[in-house]
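Q: Here this note's numbering runs 14 ahead of the position in the sequence shown, where the first position is 1.
Please keep in mind that the hints were generated in silico from the structure rather than gathered at the bench.
Keep in mind the model is a prediction, meaning the values are calculated, not measured.
Cβ coordinates follow ideal geometry from the N, Cα and C atoms, glycine included.
Incorrect hints may appear among the rest.
[Stated by the list, open to error] Cβ-Cβ distance ranges computed for the label pairs, FRET-style:
#1 Pro299 / Asp96: 32 to 40 Å
#2 Asp227 / Ala173: 24 to 32 Å
#3 Ser148 / Ala271: 19 to 27 Å
#4 Ser154 / Gln266: 22 to 30 Å
#5 Thr298 / Thr171: 28 to 36 Å
#6 Lys177 / Gly237: 44 to 52 Å
#7 Trp161 / Ser204: 37 to 45 Å
#8 Pro191 / Phe162: 17 to 25 Å
#9 Arg71 / Gly152: 40 to 48 Å
#10 Trp165 / Ile19: 26 to 34 Å
#11 Thr171 / Pro299: 47 to 55 Å
[To be verified] Straight-line C-alpha distance at most 20 Å; calculated EDC-like pairs for lysine to aspartate or glutamate:
#12 Lys163 / Asp206
#13 Lys163 / Asp182
#14 Lys163 / Glu100
#15 Lys87 / Glu70
#16 Lys132 / Asp227
#17 Lys132 / Asp160
#18 Lys219 / Glu157
#19 Lys177 / Glu195
#20 Lys219 / Glu100
#21 Lys87 / Glu215
#22 Lys87 / Glu195
#23 Lys87 / Glu222
#24 Lys177 / Glu203
#25 Lys87 / Asp182
#26 Lys177 / Asp206
#27 Lys219 / Asp182
#28 Lys87 / Glu181
#29 Lys163 / Asp213
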Amino acid sequence: MARRIDVRGAGGVGLAAWEFADPPKTDPETGPGVLLLHGLMGRGSHWAATARWISERHRAVALDQRGHGQSEKPPPAAHTRDAYVEDAEAAVEQLGLAPAVIIGHAMGALTAWQLAAKRPDLVRALIICDMRASALGGASQREWADWFKSWPVPFATLADVRKWFGEDDPWVDRPSPARGEFYAEIMHESPDGWRPVFDPERMLKSRENWVHDAHWEELALVGCPALVVRGLDGELGRAEAQEMVRVLPRGQYAEVADAGHLVHYDQPAAWRTVIEPFLDTVLTP
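Model the full assembly from the supplied sequences, consistent with the hints where possible.
A: Next up, the structure:
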């Protein structure tokens with residue numbers, strides 16, 4: 015069962031935050047807690063399994079970031095890096111989670127470490143999942159624009175969604191049911207079939223605001239404990255991940271075998287095994 019909490023982000027944008035505690039907490043605890051930030055195209059529900067086991071001992075809230083899930087979708091120009099960071103800042107404060115542990119995947123991880131650099135008083139620890147600190151460049155952005163155009167939308171059924179993203183997508187190296195399920199989660203039914211809940215233009219604008227820059231300097235400003243996690247077949251290479259750990263003043267490293275970019279979706283049991291000891295350490299009073 016999920017409980018929605020409304021948050022107001024930068025510029026008054028309405029954001030949907032979700033608790034997946036089972037049973038649900040009718041009287042939420044106050045911080046410290048855990049804020050979970052999905053990646054580009056994701057949504058808070060992608061964290062449901064992780065949030066449920068964290069909630070056995072700590073308060074955990076997953077945020078639909080602007081333009082994603084059930085949060086408001088402002089114009090593309092409003093999807094700036096500052097806006098994403100300010101949204102996370104507002105969520106931590108309004109939900110009473112501070113000083114929070116922030117778990118971020120991909121773009122959500124970048125938001126997490128930028129917030130930790132900006133507001134160290136709000137963040138007690140970070141988990142950075144499969145996000146690069148290096149600049150990716152314009153070619154990467156063009157590849158993404160072409161990829162969005164290749165989607166055969168609308169999909170007739172969710173089964174078609176699962177098959178295309180799990181098997182037929184040219185970006186898939188080998189069949190991945192977890193990837194198919196991940197993308198099925200971001201679809202909604204429209205009169206002509208199944209379409210993404212987000213506007214690809216907003217996603218490209220969000221990405222454009224960070225792919226051209228490197229983020230090492232902000233990483234070096236993160237003073238709290240930080241765990242860098244990568245899937246062995248993910249987008250973050252081992253050498254870069256280990257360099258991120260070196261740059262982080264209190265960095266630690268972990269990797270998950272047989273996992274791609276969607277580490278927590280590909281291998282949820284191994285993901286838990288890797289991050290739970292770190293959480294136990296940083297959330298111990």
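Q: If a hint holds in the structure, say so; if it does not, say that too.
A: Verification of the supplied hints:
{"no.": "1", "hint": "Pro299 / Asp96: 32 to 40 Å", "verdict": "33 Å, holds"}
{"no.": "2", "hint": "Asp227 / Ala173: 24 to 32 Å", "verdict": "39 Å, violated"}
{"no.": "3", "hint": "Ser148 / Ala271: 19 to 27 Å", "verdict": "24 Å, holds"}
{"no.": "4", "hint": "Ser154 / Gln266: 22 to 30 Å", "verdict": "28 Å, holds"}
{"no.": "5", "hint": "Thr298 / Thr171: 28 to 36 Å", "verdict": "47 Å, violated"}
{"no.": "6", "hint": "Lys177 / Gly237: 44 to 52 Å", "verdict": "46 Å, holds"}
{"no.": "7", "hint": "Trp161 / Ser204: 37 to 45 Å", "verdict": "21 Å, violated"}
{"no.": "8", "hint": "Pro191 / Phe162: 17 to 25 Å", "verdict": "22 Å, holds"}
{"no.": "9", "hint": "Arg71 / Gly152: 40 to 48 Å", "verdict": "44 Å, holds"}
{"no.": "10", "hint": "Trp165 / Ile19: 26 to 34 Å", "verdict": "32 Å, holds"}
{"no.": "11", "hint": "Thr171 / Pro299: 47 to 55 Å", "verdict": "49 Å, holds"}
{"no.": "12", "hint": "Lys163 / Asp206", "verdict": "18 Å, holds"}
{"no.": "13", "hint": "Lys163 / Asp182", "verdict": "15 Å, holds"}
{"no.": "14", "hint": "Lys163 / Glu100", "verdict": "31 Å, violated"}
{"no.": "15", "hint": "Lys87 / Glu70", "verdict": "32 Å, violated"}
{"no.": "16", "hint": "Lys132 / Asp227", "verdict": "17 Å, holds"}
{"no.": "17", "hint": "Lys132 / Asp160", "verdict": "34 Å, violated"}
{"no.": "18", "hint": "Lys219 / Glu157", "verdict": "14 Å, holds"}
{"no.": "19", "hint": "Lys177 / Glu195", "verdict": "9 Å, holds"}
{"no.": "20", "hint": "Lys219 / Glu100", "verdict": "17 Å, holds"}
{"no.": "21", "hint": "Lys87 / Glu215", "verdict": "11 Å, holds"}
{"no.": "22", "hint": "Lys87 / Glu195", "verdict": "23 Å, violated"}
{"no.": "23", "hint": "Lys87 / Glu222", "verdict": "17 Å, holds"}
{"no.": "24", "hint": "Lys177 / Glu203", "verdict": "17 Å, holds"}
{"no.": "25", "hint": "Lys87 / Asp182", "verdict": "29 Å, violated"}
{"no.": "26", "hint": "Lys177 / Asp206", "verdict": "19 Å, holds"}
{"no.": "27", "hint": "Lys219 / Asp182", "verdict": "26 Å, violated"}
{"no.": "28", "hint": "Lys87 / Glu181", "verdict": "30 Å, violated"}
{"no.": "29", "hint": "Lys163 / Asp213", "verdict": "12 Å, holds"}
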